[in-house]
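J.: With the hints as extra help, turn the sequences into a complete structure.
Protein chains: 2
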Amino acid sequence: MATKNSLKTPKGTRDWVGGDLLLRNQIFETITTILTNHGGTPLDTPVFELRSILSEKYGEEARLIYHLADQGGEACSLRYDLTVPFARWLAARSDVQHVRRFQIAKVYRRDQPAVARGRLREFYQCDFDIAGVYDPMIPDAEILCVAAEVFEAFEVDVVVKVNHRKILDGFFEVAGVPRDRIRAVSSAVDKLDKAPWDEVREELLEKGIPDEVADRVGGYVRRSGGMREMLESFASDAELRANERVMEGVADMTLLASYLVAMGVADRVSFDLSLARGLDYYTGLIYEVAVTDSADNPTQVGSIAAGGRYDDLVGMYGRRPLPCVGISFGVDRVFTILNARRQKENKPDLGAHAQVYIMAFGGKEFDGLLLERMRVARQLWNAGIRAEFAAKVKPKSLQQFDAAEGVPVAVMLGQDELEAGQVLVKRLHVGDKNATTKDKGQLVSREDLVKEVRKLLESATLEQE
Amino acid sequence: MATKNSLKTPKGTRDWVGGDLLLRNQIFETITTILTNHGGTPLDTPVFELRSILSEKYGEEARLIYHLADQGGEACSLRYDLTVPFARWLAARSDVQHVRRFQIAKVYRRDQPAVARGRLREFYQCDFDIAGVYDPMIPDAEILCVAAEVFEAFEVDVVVKVNHRKILDGFFEVAGVPRDRIRAVSSAVDKLDKAPWDEVREELLEKGIPDEVADRVGGYVRRSGGMREMLESFASDAELRANERVMEGVADMTLLASYLVAMGVADRVSFDLSLARGLDYYTGLIYEVAVTDSADNPTQVGSIAAGGRYDDLVGMYGRRPLPCVGISFGVDRVFTILNARRQKENKPDLGAHAQVYIMAFGGKEFDGLLLERMRVARQLWNAGIRAEFAAKVKPKSLQQFDAAEGVPVAVMLGQDELEAGQVLVKRLHVGDKNATTKDKGQLVSREDLVKEVRKLLESATLEQE
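Respectively, the protein sequence lines represent chains A and B. Residues in the first sequence are numbered consecutively from 1, following UniProt numbering. Residues in the second sequence are numbered consecutively from 1, following UniProt numbering.
Every clue listed holds true.
Note that identical chains are pooled: a pair holds if it fits in a single copy or bridges any two copies.
Straight-line distance between alpha carbons at most 30 Å, and here's what the computed DSBU-like set of lysine-lysine pairs gives:
id : residue 1 : residue 2
1  : K394      : K364
2  : K57       : K11
3  : K8        : K57
4  : K455      : K392
5  : K106      : K57
6  : K426      : K455
7  : K8        : K106
8  : K106      : K11
No lab work stands behind these hints, which were simulated from the structure alone.
T.: Shown next, in the form of structure tokens:
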């Protein structure tokens with residue numbers, strides 16, 4: 001328990017500030033641009049929902065939901081993901097037949113935090129979903145294309161693992177798994193990316209699956225290979241061909257394969273029969289995006305994005321069905337990768353530093369010229385220029401130069417120049433190691449100040465490039 | 001209580017989507033730009049804090065804090081404002097001696113919602129605070145300058161009402177209010193902007209303040225006038241001049257007045273002795289920004305921004321003192337004003353619509369050319385162009401034209417043209433009511449497609465201007 005004077009953030013949460021926050025915002029902007037190109041419109045929902053909206057949507061994971069205390073009024077809980085609030089919104093908005101929405105927001109899970117791996121109790125998700133009735137697999141293919149574009153933009157090498165719930169469930173049926181055990185078997189199989197088959201097999205036996213059935217399950221889900229070959233091998237297996245669910249999935253995946261080629265992303269997609277996804281609500285295509293370059297993944301973060309088709313979730317609210325397909329980007333994990341890379345490359349701080357530092361100098365009678373510095377500051381602020389000055393009545397010269405460290409341009413005020421209606425503007429030669437001559441600056445009138453400052457800022461930018 | 005099938009958001013919360021959300025984001029961007037020009041650096045804190053962090057900071061208002069349920073572990077509550085989390089962060093970060101931070105985030109209050117007036121239980125605040133030891137009133141003046149710049153940017157006419165806690169408390173002392181009743185009297189006086197003096201006087205009597213003392217309080221706090229005249233009148237009053245607190249406040253306000261003139265914002269600032277601010281933690285200058293144009297304020301939203309100096313809050317955490325001054329912008333109220341104006345002016349939707357619609361046409365044997373449409377889409381997406389196509393294998397011509405409503409450029413595919421390696425690009429003359437000739441389009445090669453589409457998009461933008 002926290003003592004009264006404990007100044008930490010709650011377990012599994014953190015503050016974001018400075019370069020970290022600016023990098024995170026850059027990530028959001030990059031993703032937002034791509035999603036907007038794909039017709040995405042933003043949605044923002046409350047951080048808590050009526051408890052009834054969240055209940056019975058998450059299976060075993062529901063124990064991780066944060067509840068608000070009962071202080072009278074409605075029973076509410078913090079959102080666990082962005083999919084269920086989206087489905088709630090869709091269910092209520094019967095006027096919306098087709099929508100591509102995205103949401104970048106924090107979600108809450110009372111999980112064991114693993115900070116080093118970028119797993120917290122409060123973390124950001126970025127979801128993109130396409131809702132509406134369309135010809136099969138066209139929106140699904142576009143979502144995978146979006147995933148490819150996002151990680152191309154971040155220059156992170158990834159593989160998109162895909163599978164199909166109907167193929168998987170059909171396999172389990174053919175293998176002899178009882179219908180009511182299919183989700184339990186599925187969640188055991190989903191661990192195959194972290195655990196060897198022997199362990200998964202053990203879990204199946206513990207769940208009451210007979211030896212022989214478990215072995216047949218293993219035979220199916222451990223197959224891998226190219227998408228086309230895999231699909232052909234299923235179609236040539238008489239037992240699988242006789243299973244309606246398998247063949248529906250095969251038809252979907254055959255369409256998908258051709259669409260992915262047309263969209264130029266087929267080479268980044270791999271058919272992985274062991275991919276099952278934990279959540280109950282998926283009904284068709286499912287996928288996870290994994291990082292392939294181990295340099296980017298020293299802490300072995302799991303999937304960096306994941307999703308699938310969920311055609312029945314909106315209908316669960318009893319108003320109307322609406323098929324959906326979506327993807328959730330684990331943006332905190334993207335942050336972990338890009339931040340590690342930034343630190344390795346020793347990239348400069350992302351902060352928006354001051355562009356101009358306003359100084360004042362004088363002799364014995366020097367009064368600090370504070371009001372004059374304020375007037376100049378307002379003039380520059382009004383022009384949209386990031387200007388600072390010492391918040392001291394009589395600043396020392398050295399203090400002002402120290403504070404101007406890293407600032408490219410100085411505006412220098414002196415009593416004599418002011419009386420002549422002029423100020424000195426000057427490059428501070430920051431980061432310009434080749435400069436052999438020191439800029440002596442130039443005297444300009446107050447009317448020309450903004451124009452001259454802009455010129456110097458431009459030349460400073462050019463030198464940095 | 002909500003029924004199981006209730007699809008609403010919790011009381012006092014709402015979804016944000018479409019033009020509303022885009023407008024809200026524009027507001028955030030405008031404010032962020034100004035705060036960044038003033039050296040602001042962003043901070044993001046968790047949505048909930050340890051309960052001990054929030055306790056004893058809000059006086060009577062603490063009853064409005066949302067608590068998380070006890071599910072084991074730490075006792076936590078949703079943040080009530082952004083000031084206390086900032087103070088908690090500052091108290092812990094002893095390496096930070098000076099900082100200008102801003103935070104735009106949702107805060108939570110179990111208040112009676114007044115949706116029409118833009119008052120909700122979940123709402124955004126945007127805070128800008130300057131922490132650190134500086135010469136008196138320089139950061140305070142800059143904060144008021146920031147407030148002026150923000151509302152200038154939104155073209156909302158405002159008045160910034162200012163007062164000083166020390167002057168107010170000194171008045172109360174001189175009037176004969178017992179020390180331990182000063183905060184109670186202060187919170188009654190703060191109601192003078194909504195209630196007549198008689199009602200406030202009644203409240204003072206109920207709070208046990210003698211008649212004569214109440215009348216003297218009324219005599220002080222109902223004075224108004226220009227800043228300089230008011231300050232001179234205090235200084236010429238022997239009883240007030242003898243009160244140390246009043247004179248400290250007068251010295252601060254005299255400095256402030258000269259700084260506001262230098263920054264060119266004095267004409268928007270009014271000295272209002274009845275302004276008291278509810279929260280306990282203010283120690284010096286306090287201010288509220290009110291909308292002056294009634295056309296912008298039909299629902300009589302109260303203050304649209306407010307804040308003050310709070311030099312002791314960081315020290316309350318027992319680590320170190322650090323003086324701070326800050327302002328909180330009620331961005332949901334800004335939204336209410338700008339949205340009403342947008343609807344009155346019937347401004348077009350803010351949505352980022354598609355720039356290009358990809359269509360396919362053909363005769364009897366037409367197969368829909370879906371894969372070709374996908375290839376073209378990927379080419380345009382890769383170039384950062386917002387492109388769409390019908391998610392149908394064989395779309396009808398009319399369907400495609402309907403879907404392209406409002407889209408400025410079309411790329412049209414036909415089997416013959418494709419075989420010749422070409423596609424047709426064409427302006428759709430959207431919104432161009434003066435066009436007398438219909439654009440017949442031009443055939444371009446796939447290599448030139450992006451270049452030609454960009455040209456057409458530019459010409460479309462020029463025509464709209």
